[in-house]
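> Read off the chains here:
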Amino acid sequence: MYIGRVVGHATSTVKHPSMKGCKLLLVMALQGDGRTIEGDPILVVDKLGAGKGDMVMVTSDGIGAREMLGCKNSPVRWTVLGIRDKR
Amino acid sequence: MYIGRVVGHATSTVKHPSMKGCKLLLVMALQGDGRTIEGDPILVVDKLGAGKGDMVMVTSDGIGAREMLGCKNSPVRWTVLGIRDKR
Amino acid sequence: MYIGRVVGHATSTVKHPSMKGCKLLLVMALQGDGRTIEGDPILVVDKLGAGKGDMVMVTSDGIGAREMLGCKNSPVRWTVLGIRDKR
Amino acid sequence: MYIGRVVGHATSTVKHPSMKGCKLLLVMALQGDGRTIEGDPILVVDKLGAGKGDMVMVTSDGIGAREMLGCKNSPVRWTVLGIRDKR
Amino acid sequence: MYIGRVVGHATSTVKHPSMKGCKLLLVMALQGDGRTIEGDPILVVDKLGAGKGDMVMVTSDGIGAREMLGCKNSPVRWTVLGIRDKR
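Residue numbers (our numbering), protein chains in the order written: chain Y, 99 to 185; chain X, 99 to 185; chain L, 99 to 185; chain B, 99 to 185; chain R, 99 to 185.
Just so you know, the hints here were simulated from the structure itself, not pulled from any lab data. What you are looking at is a predicted structure, and each value in this text was computed from that prediction instead of being measured. Fair warning: there could be bad hints in the mix.
Same chains, same names: a pair is fine if it fits in one copy or spans any two.
[What the hints assert, rightly or not] Dumping the calculated DSSO-like pairs for lysine-lysine here, alpha-carbon to alpha-carbon at most 27 Å: (1) Lys170 with Lys184; (2) Lys145 with Lys184; (3) Lys184 with Lys118.
With the hints as constraints, model all of the structure from the sequences given.
If you want it as structure tokens, here you go:
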């Protein structure tokens, strides 16, 4: 689990059926200084309505992802856990 | 599992219901020299009462996290296992 | 889960039986600038028909992989989730 | 799974009950040259009796860890698999 | 899952009983150029007969490892999936 900023999203017509209707965000991790973001973007399924520029809490738990998508055989692992409150 | 220092916390109003009432800590890893901390902060759920500056033992086990939260469908993975004794 | 480009494939005669008939792609991760790819290639099972040069969404979920392969004891973890639409 | 050297241990009074009586080792990974160790220490539960300076085989499997600890809800993931024979 | 070269093996007398009779290989990852290998060696259980110098496909799936070893409580995670065909 970490905190990152939404830097964009991805679209895919050919995909696993469990992702139908899901928003796929590209998220980059918050660095140690607590302000800059860096690294490779991770692909994250969002059901909470996060948008570009939001700071989000993301997790890699596959069991929780399957519950969230209501699909027992989904291969999705990364999902948005929460949207960080603005300070 | 690793040892790290609590460097802050995060708050989130829009979040997965299983995290209601949980404290979300930002933890940075202890480095090889056994004293300095560095790297990107990891987001960790705490039920043991760790505070800023404490050295904590953290783990990424999702099954254990779901037991700790009493919620079978939580996507939480990282939790505080223990607070390291001060020397 | 991340986005990467298919840079090649691998063949193997001596292998786990659950991978029979599967295409094994070598995928390199999209970098933070959203254009270049870099890093070590990951080995990914594909059932969606991705080819060399395609941008694909990949995941490391073992439970989803076993469903995709129709094999309860497969040790496969990385699979292609979707093919990113061309812009 | 990797091979590393035991560089110390950690103690914790406030901890998850499943770790009661367990030795918590700090282990650093063997590098590519097969001799030096480096990187950040990982925290590993040991039931095999490894001591400081020993080369150990470590694994991150949570299901195996729960069996080893005899506790279905333990969040422990990293355990000592074996002690490498001295050459 | 990735492709790597077998650079050696490890032996251990004191170990988890599920590993009895297993060959433990040290494998280093294939780099982005598709020819050189680098990084820290990973410890991998092999049942396919790979030898030093072979290019192997390796995976970190614990459920598949337990099936391969015929042992429900093994903490092993990394296994050899296949031996890459020589070109």
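> Are the hints correct? Go through all of them and say.
Verification of the supplied hints:
no.: 1; hint: Lys170 with Lys184; in the structure: neither (34 Å within a copy, 29 Å between copies)
no.: 2; hint: Lys145 with Lys184; in the structure: both (19 Å within a copy, 24 Å between copies)
no.: 3; hint: Lys184 with Lys118; in the structure: between (30 Å within a copy, 18 Å between copies)
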